[in-house]
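Protein chains in written order, with our numbering: chain A, 523 to 630; chain B, 9 to 215.
A couple of the hints might just be wrong.
Here are the simulated DSSO-like cross-link-like pairs (lysine-lysine), alpha carbons at most 27 Å apart as the crow flies [claimed, not checked]:
hint	chain 1	residue 1	chain 2	residue 2
1	B	47	B	75
2	B	197	A	557
3	A	593	B	47
I should point out that these hints are in silico values taken from the structure, not numbers from a laboratory.
For reference, the chains in residue letters:
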Amino acid sequence: MDGLALESGGVMSEFNNRIDAQRQILAIVNMASRKEELYGLSVGAIDRWTHANGLDDGSEVVCAIREVAAKLFFLANKSQEQVTDEYRLRAVEVTDLALRIRDLVDAD
Amino acid sequence: MSTHLYAFGSVCRGEIDRGSDVDLLACVDGPAPHIDPEKYSIYRHDRVRALWNEGNPFAWHLHLESKLLFSSDGEDFLTELGRPGRYRHFGSDARKFRTLFDQSYAALNESVRCTTFHLSCIFLAIRNSATCYSLAQERPVFSRNSPFLVEPALIMDEAAFAILTRARLLSTRGFGENLSAEEVARTQKAVETVPSWMDLLWSQAAS
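Build out the structure end to end from the sequences listed, making use of the hints.
Listed below in structure tokens is the structure:
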């Protein structure tokens with residue numbers, strides 16, 4: 523958690539967009555009542571959520587969440603990497619994955 | 009091809025606890041498939057030079073809080089870069105973190121779901137506002153307690169700030185004890201002081 527999520531001189535909305543996308547994904551995942559919520563899209567948070575709720579790590583919903591996390595580049599949990607211009611939000615891919623996760627959560 | 013490996017962040021200032029990790033940086037010249045991106049922040053040397061030139065906060069962070077672990081050519085790449093350029097983007101960064109705070113606070117008030125994540129984002133907005141302000145004042149503070157170490161300091165229940173820190177660890181590491189509804193409510197109330205503090209930072213930086 524210690525690295526700074528700082529984006530200086532870059533595209534201002536990029537930082538906020540990426541967190542907004544994460545907020546939307548978490549809202550979808552946490553629509554389903556489970557023992558414990560998903561707290562973030564870091565590797566540690568996804569691992570915790572998977573184990574706390576007794577989910578299969580190879581299940582479709584867990585895989586989809588890991589995939590969207592990778593797209594958003596929160597997986598590295600090295601937060602300074604959330605900021606540089608190289609890591610553009612791939613909005614279309616993220617939206618598609620969010621819809622897939624919603625379907626999986628709805629079907630759960 | 010030269011490679012330089014560094015540790016940086018909390019471990020370099022001894023600010024560690026059971027939830028801390030060790031931040032690692034790899035500076036490379038080209039593709040480095042042998043380096044695990046989940047363990048290292050991987051940057052090309054040219055990119056690091058550019059961050060240095062623009063006075064990016066991450067460059068300042070590395071300049072002030074990093075330790076060389078390995079050098080393939082015997083040189084200390086970061087030390088040889090010298091002092092980063094002056095940080096000049098407090099205005100845009102402050103707006104960004106204020107937006108993050110406002111959106112997270114609104115989301116927190118709208119729903120009882122995802123509260124840990126919203127509090128984690130509020131921690132990020134507060135901490136980064138303070139750190140960027142300290143850079144703008146040319147008195148850098150990278151501690152996770154930076155909001156209490158800048159002048160004007162954040163006036164806030166410190167126990168509630170500890171809950172924000174726990175939320176951040178839960179979100180970024182999946183580590184720690186879950187937040188209770190009472191803790192969420194207490195922290196939700198405590199962060200009401202944050203917008204006026206952010207306004208103060210803004211006006212101080214502009215003066």
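To see whether the hints hold, each was checked on the structure:
{"no.": "1", "hint": "47(B) x 75(B)", "verdict": "16 Å, holds"}
{"no.": "2", "hint": "197(B) x 557(A)", "verdict": "26 Å, holds"}
{"no.": "3", "hint": "593(A) x 47(B)", "verdict": "17 Å, holds"}
The structure meets every hint from the earlier list without exception.
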